[in-house]
Amino acid sequence: MSPNGSDRSPRRSMRRKLLSALTLGLVLATATGCSSSQLPRLGMPVPRDEQGKTVLFIWQSSWIAALAVGALVWGLILWSVYFHRRSRSKIEVPPQFRYNMPVEALFTVVPLIMVSVFFFYTARDENYLLKIDKPQHVINVVGFQWSWAFNYEHQVDKKNQADTAGDQSGAYDVGSPGQPPTLWLPQGETVEFQLTSRDVIHGFWPVDFLMKMDVIPGVVNRFEVTPTALGTFRGKCTELCGVDHSQMLFNVTVVTPAEYQAHLASLRAKGQTGFVPAGITTTGVNNSQ
Numbered sequence: 055m056s057p058n059g060s061d062r063s064p065r066r067s068m069r070r071k072l073l074s075a076l077t078l079g080l081v082l083a084t085a086t087g088c089s090s091s092q093l094p095r096l097g098m099p100v101p102r103d104e105q106g107k108t109v110l111f112i113w114q115s116s117w118i119a120a121l122a123v124g125a126l127v128w129g130l131i132l133w134s135v136y137f138h139r140r141s142r143s144k145i146e147v148p149p150q151f152r153y154n155m156p157v158e159a160l161f162t163v164v165p166l167i168m169v170s171v172f173f174f175y176t177a178r179d180e181n182y183l184l185k186i187d188k189p190q191h192v193i194n195v196v197g198f199q200w201s202w203a204f205n206y207e208h209q210v211d212k213k214n215q216a217d218t219a220g221d222q223s224g225a226y227d228v229g230s231p232g233q234p235p236t237l238w239l240p241q242g243e244t245v246e247f248q249l250t251s252r253d254v255i256h257g258f259w260p261v262d263f264l265m266k267m268d269v270i271p272g273v274v275n276r277f278e279v280t281p282t283a284l285g286t287f288r289g290k291c292t293e294l295c296g297v298d299h300s301q302m303l304f305n306v307t308v309v310t311p312a313e314y315q316a317h318l319a320s321l322r323a324k325g326q327t328g329f330v331p332a333g334i335t336t337t338g339v340n341n342s343q
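Just so we're aligned: the sequence shown equals residues 55 to 343 in my numbering.
If you're looking for bench data, these hints aren't it; they were derived computationally from the structure.
No false leads were mixed into what you were given.
Cross-link-like lysine-lysine pairs, in silico, DSS-like; alpha carbons within 27 Å at most:
| hint | residue 1 | residue 2 |
| --- | --- | --- |
| 1 | K188 | K107 |
| 2 | K107 | K185 |
| 3 | K266 | K188 |
| 4 | K185 | K290 |
| 5 | K185 | K266 |
| 6 | K290 | K266 |
| 7 | K266 | K107 |
| 8 | K290 | K107 |
This one's a predicted model, so the numbers in the text were calculated from it and none came from an experiment.
Please work from the sequences and hints to get the whole structure.
If you want it as structure tokens, here you go:
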């Protein structure tokens with residue numbers, strides 16, 4: 055009997071509390087976690103382009119490695135707590151591993167191998183995602199407070215961020231905080247995004263393409279996508295860029311190549327030829343020419 059008169063021992067009470075805590079944690083994890091269809095992707099959406107598959111692989115691999123390391127560390131902690139508890143060993147301090155050179159070398163070498171493997175695969179996949187390899191289309195994405203403009207088939211000089219001449223055959227579309235623009239892409243054809251900003255740092259994120267990149271004044275950032283699925287998807291700004299940051303949204307519509315060309319023709323027919331200036335410093339102003 056315990057000192058307070060109860061017939062429950064402190065050890066039994068502690069076990070029940072631990073079991074209750076584990077049960078509550080499991081309930082919370084399953085109630086707020088991913089659905090069965092999302093579980094293999096660990097919360098990421100289905101990639102809608104070729105490059106997104108690589109991003110998903112990096113995400114899944116990182117989680118698998120983290121869970122494996124976590125399971126090993128927690129297993130060693132629980133093993134040590136259970137097998138070296140004082141009530142079992144009857145000693146105050148269990149045997150120590152100080153100055154055990156093989157064990158200390160193992161603790162050094164194993165993390166170095168793990169970090170080296172992580173670095174190799176991350177660098178390899180990052181180089182693939184950032185490689186620009188003769189894209190079939192170029193779209194200059196212009197971020198401004200607080201919306202987006204899309205210059206189709208328009209090149210921006212990488213060194214000085216100057217708009218190149220001779221792009222009157224191109225077309226543009228521009229949005230506003232109250233009317234998000236739609237970015238049109240051709241299915242199965244490679245598109246290079248050239249990201250420029252007219253005021254502050256923004257973040258260009260077509261969510262279902264799993265690729266996000268900063269849009270920085272004075273810098274031209276670039277990456278490629280090859281859309282694989284038809285449909286309309288969502289996009290947003292991922293940098294806190296001002297009062298209406300939450301309304302800096304856009305849509306992404308993937309269509310057939312013929313429909314893509316027809317859309318550019320319709321923009322030209324409305325007079326939206328040429329391009330929206332990419333490097334002019336304007337704040338909250340929606341200049342289209």
